[in-house]
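Using the hints provided, position chain G relative to the given structure of chain C.
2 protein chains.
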Amino acid sequence: MISVHQAREIILKNILPLKKSELIKIESALGRVCALEVRSKENIPPFDNSAMDGFAIKARDSHKALRSNPKIFKVIEDVAAGYTAKKELKSGEAIRIMTGAPLPKGADSVVMVENTELRAKSSELRRIELVKIFEEVRKGENVRYAGEDVKKGETVISKGSILKSGHIGMLASLGFSQVKVFRKPQVAILATGDELVQIKEGLKPGKIRNSNSYSLYSQVLKVGALPILLGIARDNRKDLEAKITQGLSADMLIVSGGVSVGDYDFVKDVLKDLGTDMKFWRVAMKPGKPLAFGMMRRTPVFGLPGNPVSSMVAFEQFARPAVLKLSGARDLFRFRLPAIFTDDFEKKKGLRYFLRVILANKGGQLYASLTGPQGSGILKSMVLANGIAELPEDMEVIRRGETVEVTYLE
Amino acid sequence: MISVHQAREIILKNILPLKKSELIKIESALGRVCALEVRSKENIPPFDNSAMDGFAIKARDSHKALRSNPKIFKVIEDVAAGYTAKKELKSGEAIRIMTGAPLPKGADSVVMVENTELRAKSSELRRIELVKIFEEVRKGENVRYAGEDVKKGETVISKGSILKSGHIGMLASLGFSQVKVFRKPQVAILATGDELVQIKEGLKPGKIRNSNSYSLYSQVLKVGALPILLGIARDNRKDLEAKITQGLSADMLIVSGGVSVGDYDFVKDVLKDLGTDMKFWRVAMKPGKPLAFGMMRRTPVFGLPGNPVSSMVAFEQFARPAVLKLSGARDLFRFRLPAIFTDDFEKKKGLRYFLRVILANKGGQLYASLTGPQGSGILKSMVLANGIAELPEDMEVIRRGETVEVTYLE
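The listed protein sequences correspond, in order, to chains C and G. Mapping of the first sequence onto the working numbering: residues 34 to 443, in sequence order. Mapping of the second sequence onto the working numbering: residues 34 to 443, in sequence order.
Same shape as in the complex, but just chain C (with noise of 0.2 Å):
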């Protein structure tokens, strides 16, 4: 039996990206991966501007300013935003300036509009604007520079980036209303059973619902691909290899149940009389251990337990993965948080162990508390939680106050 780290590596080993890209709007971009470098053919922002509204100056004009001793400048002229100064600023003069604008030739400084004063002066010939100005400012102050976002040539997406609402603003504002993506990969969902009835069906002694395929369905959406649903085979050869078969042909398949000892379980068989290289069928974990990982030709096959916790978790554990690297992504693995743990736990020496847990931020310290039994088929485990807690191979007992590292799922 292999360990849960090595049945990972086995699989992103084996599974190599899909590399087909599409190009699409930037509106429909969000949680894709990107394709490609993206690398800014300009500066952002593309000149120099001031970043308050208020009057440009030359700095050393402002040299003592203080509101009981201000400076008086002449003020030449008035900026909007989107809109560039036709004058060139001299020693003495302002020019009114809105958050934005482009800072007027001659200027090497702003000062915001809350530490002036505007006053008006009428002269023989016209009224003259003038303004006080309250503070000494220095050479750069309230400027924004050129390129002080984005240089001219740098790389602001990463290949392999999901895109997330900052990246589709940064490419908005460098000019591209489009981006080159990767394929999303289709997963086939497949379970297997003959205990398993349709959701609408009623439900007949010994019988249960299909639930799996629907909780690995939105698992499959969750982490960006276009799950496909086989709906279910009966535990007979011919069933499974006709389903099996269709679900070759997606970007990679999961079978749900049928994996275990089971004298009824034909799967494997199945799997392997198909040619699937089947790699292991067994992972040291809790829930989770009859599991199973293949390829067929260059289509990784997941043979999942069919309860329906063992199933969740071993999605998120060795699937998610999977379908990230299928997806080009870079960042394969959820973020993990150290928290405390609320509760007392014994386990089995050589199984790593998967809790279903709530974390709660209680007074700025973080706490993983049990979300209740946890039991493989206690579905229950998993919609109350919003973090899977790990507890390595080689541990036997947790104690409450002990930390524990923890997958928070979003």
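Note that these hints are calculated values from the structure, not bench results.
Identical chains share a label here; the pair holds if one copy fits it or two copies do between them.
For lysine-lysine, the following DSBU-like pairs were computed, each having C-alpha atoms within a straight-line distance of at most 35 Å:
#1 K46 x K255
#2 K233 x K58
#3 K213 x K74
#4 K319 x K301
#5 K395 x K213
#6 K395 x K380
#7 K381 x K104
#8 K172 x K97
#9 K380 x K104
#10 K165 x K237
#11 K165 x K154
#12 K255 x K233
#13 K107 x K123
#14 K185 x K123
These figures come from a predicted structure and were not determined experimentally.
For chain G alone, coordinates are given in the frame of chain C:
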């Protein structure tokens, strides 16, 4: 100027959930807000069943069984998952059972197959199967009792829950192929400013591309609502009035830019003139200080600052919980984590700071490091961030090694 907490309180007090619901397939329900209390109409599992592949027996028959002192049972039947035993088990008898199969009548426990050995014995008339049991089991061992996961009548999903994979699986297992969810709010997005050009337009002096509309579009999508792009309004009353009026037919309107003290910032005036009841104009925060909120009858209106980072941060802090409240969701806030700050940072007292950070788990400890310069025009700081660190109002400086609260951005 009001505080971040006051602002959030005012916003959430004014916003009421939309409450309109729709019935959708569970395959489409991921991330949607559940519009009703889901109660189970039955026990899950519906019957006592075996948690293991093995042999169902009466526990007392295994008394003192050991590998060196096996107890021998007569195997009277085989029962696969999905089927029920026909015979009633008596003392000294065993029924071979697969994981998930109903516990046969008369049996009270299951011995896992690994602790047994099957033996065939030929008698005069027919082949009799015997099994050696090598361990003593307790009553109920390896049995999953009916209702262990969910009891009939139990609430499994509360109203206002955002549906995750576990919920979807739970709905399937309870026989729901559809679920009632709240309608997604429509959020109209309007960018304002004479300095803005469309993504594909050429940049002329003083102009920048409209990126805020697209970051906001993605942020709205991410929180599960329907964004509507209204384009760019120019800095004049007529254009603003027309586009704002259009936006007010949505469930929420977000205007970016045009709310600072600049003379060209008409947004506030236009909103007021159109009858919006403005609740506040400025919030004691950085970035994001010029931030307006009002109600146009039942429609919330946000005036977000025009700087790319300010716009995104202000959305996160105020518009996101507002959208969630409109959506009928129960939990309005993101998860917050304590982390060790790895920089020194000085701030102005009285303002709440929102710094873009990279959260990293190093050796079981969480660290938050600044993404780089924190200017409100530096969109790269959002691109690189996976968290927003909050420095409270009364803080003046934070030193490397001190703890900070971070909102984790998935």
